[in-house]
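Assemble the whole structure, with the sequences as input and the hints as a guide.
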Amino acid sequence: MIRGPLIPLAFALLLGAQDYGEIKFDHLGKGYRFTEGPAWNSKDQYLVFSDTPGDRLFKWVPGSEIELLRKDANGPAGNAFDTQGRLYTCETRTRRVTRTDRNGKIEVLAERWEGKRLNAPNSVAVARNGSVYFTDPAFGAQSDHRELDFYGVYHIPPKGAMTLVAKYTTRPRGVALSPNNRTLYVSNADDRNVRAFDLDKNGDASNERVLIAKTDGIPGGMTVDEKGVLYVVAKGIGVYGPDGRKIHVMQLSERASACAFGEADMKSLFLTSRGDVYRARPEPK
71 MIRGPLIPLA
81 FALLLGAQDY
91 GEIKFDHLGK
101 GYRFTEGPAW
111 NSKDQYLVFS
121 DTPGDRLFKW
131 VPGSEIELLR
141 KDANGPAGNA
151 FDTQGRLYTC
161 ETRTRRVTRT
171 DRNGKIEVLA
181 ERWEGKRLNA
191 PNSVAVARNG
201 SVYFTDPAFG
211 AQSDHRELDF
221 YGVYHIPPKG
231 AMTLVAKYTT
241 RPRGVALSPN
251 NRTLYVSNAD
261 DRNVRAFDLD
271 KNGDASNERV
281 LIAKTDGIPG
291 GMTVDEKGVL
301 YVVAKGIGVY
311 GPDGRKIHVM
321 QLSERASACA
331 FGEADMKSLF
341 LTSRGDVYRA
351 RPEPK
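Heads up, the sequence shown is in this note's numbering, so the first residue is 71 and it goes up one at a time.
It should be emphasised that the hints constitute simulated quantities derived from the structure, not laboratory data. All C-beta atoms in this analysis are idealised placements derived from N, C-alpha and C, irrespective of residue type, glycine included.
Listed next, the in silico DSS-like pairs over lysine-lysine satisfying Cα-Cα at most 30 angstroms (straight line):
id : residue 1 : residue 2
1  : LYS94     : LYS297
2  : LYS186    : LYS237
3  : LYS337    : LYS284
4  : LYS316    : LYS271
Simulated restraints, written as ranges between beta carbons of each label pair:
id : residue 1 : residue 2 : range
5  : VAL178    : LYS113    : 20 to 26 angstroms
6  : SER248    : PHE220    : 21 to 27 angstroms
7  : GLU217    : GLU135    : 38 to 44 angstroms
Written out as structure tokens, the structure reads:
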């Protein structure tokens, strides 16, 4: 891992949103094998991200150096935090979803469906009411060890058994929630689209529909800002309104995996891309 000064990344940006001026991505860190799963802890104010093949989780506190949070992390991919500051991680090697409390105690939340091991959980999101949603695709060598004959999206309620939100022959990947937690978004790597589900007060999903019919490139991780605008990492970062209408596109010179908003004002956009981690701040017009 190399941590140097914040160096502007030469990303070409096509910005059409009226709320933003010029956006510049800066290096937070580089030299990882493949970064994934940026997630911001709003309670304790720090960023977590994964180096999946490097089998490590990292932590960045603003004003500090990036530090190792956990080694031998079982091939971590997507991460998320709940309102209590607990960390949720998709572990691709153990094929499970775990929760780590603020004292470092790890609890397994999901590893099987109807007695069969999950494929390889990829992305996770946590609602304010404690509902957990995650995708379970399989990529590369993960496909050789599947016990399930489908790819799923799952809901772990605060109380009660895990339920299956949707099952596909194609692979769901990214997952995100609207600001009011009443809409669940799921990207699909094979169909190259983004679906939406309505969520009731218990967190149960219904009314599945295709929100974004075709992304430019294979969609990966997603995030949503405070206005409900959806940012989808694919070939660049596609920016869409809550109705699925494309607002603008950030064209990237590298293939990115996921993004997340963070810092005290939740206006910094963090991006994981191959062996690097970047941060962007909107510049005033």
